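J.: The primary structure of each chain is shown beneath.
6 protein chains.
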Amino acid sequence: MPLSVRNQIPGTVKEVKLGAVMAEIIVDVGGGNQFVSAITKDAAEDLSLKAGDQVTVLVKSTSVMIQK
Amino acid sequence: MPLSVRNQIPGTVKEVKLGAVMAEIIVDVGGGNQFVSAITKDAAEDLSLKAGDQVTVLVKSTSVMIQK
Amino acid sequence: MPLSVRNQIPGTVKEVKLGAVMAEIIVDVGGGNQFVSAITKDAAEDLSLKAGDQVTVLVKSTSVMIQK
Amino acid sequence: MPLSVRNQIPGTVKEVKLGAVMAEIIVDVGGGNQFVSAITKDAAEDLSLKAGDQVTVLVKSTSVMIQK
Amino acid sequence: MPLSVRNQIPGTVKEVKLGAVMAEIIVDVGGGNQFVSAITKDAAEDLSLKAGDQVTVLVKSTSVMIQK
Amino acid sequence: MPLSVRNQIPGTVKEVKLGAVMAEIIVDVGGGNQFVSAITKDAAEDLSLKAGDQVTVLVKSTSVMIQK
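Listed in order, the protein sequences are those of chains A, B, C, D, E and F. Residue numbering for the first sequence follows this note's numbering, beginning at 20 and increasing consecutively. Residue numbering for the second sequence follows this note's numbering, beginning at 20 and increasing consecutively. Residue numbering for the third sequence follows this note's numbering, beginning at 20 and increasing consecutively. Residue numbering for the fourth sequence follows this note's numbering, beginning at 20 and increasing consecutively. Residue numbering for the fifth sequence follows this note's numbering, beginning at 20 and increasing consecutively. Residue numbering for the sixth sequence follows this note's numbering, beginning at 20 and increasing consecutively.
One chain only, chain A, in its complex shape (with noise of 0.2 Å):
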């Protein structure tokens, strides 16, 4: 089912970082660019998220800035 958020960038997880509510999700986006995402440890449970799944990273146009 299609999202309203603009920015889906497909990859590879590289790393899973958990702490007791927050985990850390590295992301191999390709072109040597990587994304940091945190999210909860439930989350990252539910999703099983681990080392070389192939996800899709979601941002919200609201929330990304521009640097000139």
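Hints are computed from structural coordinates only; laboratory data are not their basis. Mixed in with the good hints, there may be bad ones.
No copy is singled out in the list; a pair is fine if it fits within one copy or between any two copies.
[To be verified] With a straight-line Cα cutoff of 25 Å, these simulated DMTMM-like cross-link-like pairs (lysine to aspartate or glutamate) come out:
#1 Lys36 - Asp72
#2 Lys33 - Glu64
#3 Lys87 - Glu64
#4 Lys87 - Asp61
#5 Lys87 - Glu34
#6 Lys36 - Asp47
#7 Lys33 - Asp72
#8 Lys87 - Asp65
#9 Lys87 - Asp72
#10 Lys69 - Asp47
Just so you know, these numbers come straight off a predicted model, no measurement behind them.
Fit chains B, C, D, E and F to the supplied structure of chain A, relying on the hints for placement.
T.: Same frame as chain A, but now just chains B, C, D, E and F:
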């Protein structure tokens, strides 16, 4: 000066759409991917954003979601 | 494909207001509650959002605050 | 004092998980729905959040996404 | 009723700009500093925001970045 | 390089709390006000944030709410 923002992707402004209060900035980040940013019109005008500008797209890690 | 987003509430679109850059979507989620979403006009048009549509409202847990 | 925040849903705290820096609060909002909130541990402690508390869940409209 | 929001700064509304969907509120918080807030036009109208109003600016800690 | 971020407040780091994944940074911005920022532990370590550091607190205008 370095930023705490984990996600910093270089790109080229492709289009600037100005509304009354908000502006939408579309940035080509290479590899066939683009980013959409919704910022205030004032911010777009202060940076004089226009097609062709070299910019960096910034996203805080707590704003990044994962779809698997 | 499952999402890391913890809050997913089904509802029915009640109203769509389009501005130059942004759009406001009002979703009836039942029980007398409604949700207001501010997304880009482009997103609203890409999803062809209109009153009566069955949708799911999504909110990342890091965006949820508590008042006691 | 009224808030600009458009989405305000009453509920009952179901669970509080404390990490070193962050806390996860699960709120039952009725109708079989629950909300997950990630706030700082300091905020959870300042509000003395615990299961059974009557609270209001708050979400800014710019943080609300739509899936169709 | 207290909020989980960690950052609460009192100020005086300096300017209100209304668009079709969004509004920009500029708040003088003293010491030569001002805050810009982008909220929905509906929220601005519901609060009857106008220059001179005494308000509190609210920012969730997960939305605060650091530059060093 | 200038940023689209509208809210940039100079201050001094007062305290850094490190968790497993996240970090909480408390910044004194003068006038008796302080800011709390929740960023990843990696970001805090990359910036070598410690009490006494001169920093700038950054907040995107779409993350700013108003209470009246």
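J.: Evaluate each hint against the coordinates.
T.: The hints, checked one at a time:
no., hint, verdict
1, Lys36 - Asp72, "within (14 Å within a copy, 28 Å between copies)"
2, Lys33 - Glu64, "both (16 Å within a copy, 20 Å between copies)"
3, Lys87 - Glu64, "between (38 Å within a copy, 12 Å between copies)"
4, Lys87 - Asp61, "between (37 Å within a copy, 15 Å between copies)"
5, Lys87 - Glu34, "between (30 Å within a copy, 15 Å between copies)"
6, Lys36 - Asp47, "within (15 Å within a copy, 28 Å between copies)"
7, Lys33 - Asp72, "within (8 Å within a copy, 31 Å between copies)"
8, Lys87 - Asp65, "between (38 Å within a copy, 11 Å between copies)"
9, Lys87 - Asp72, "between (33 Å within a copy, 8 Å between copies)"
10, Lys69 - Asp47, "within (13 Å within a copy, 29 Å between copies)"
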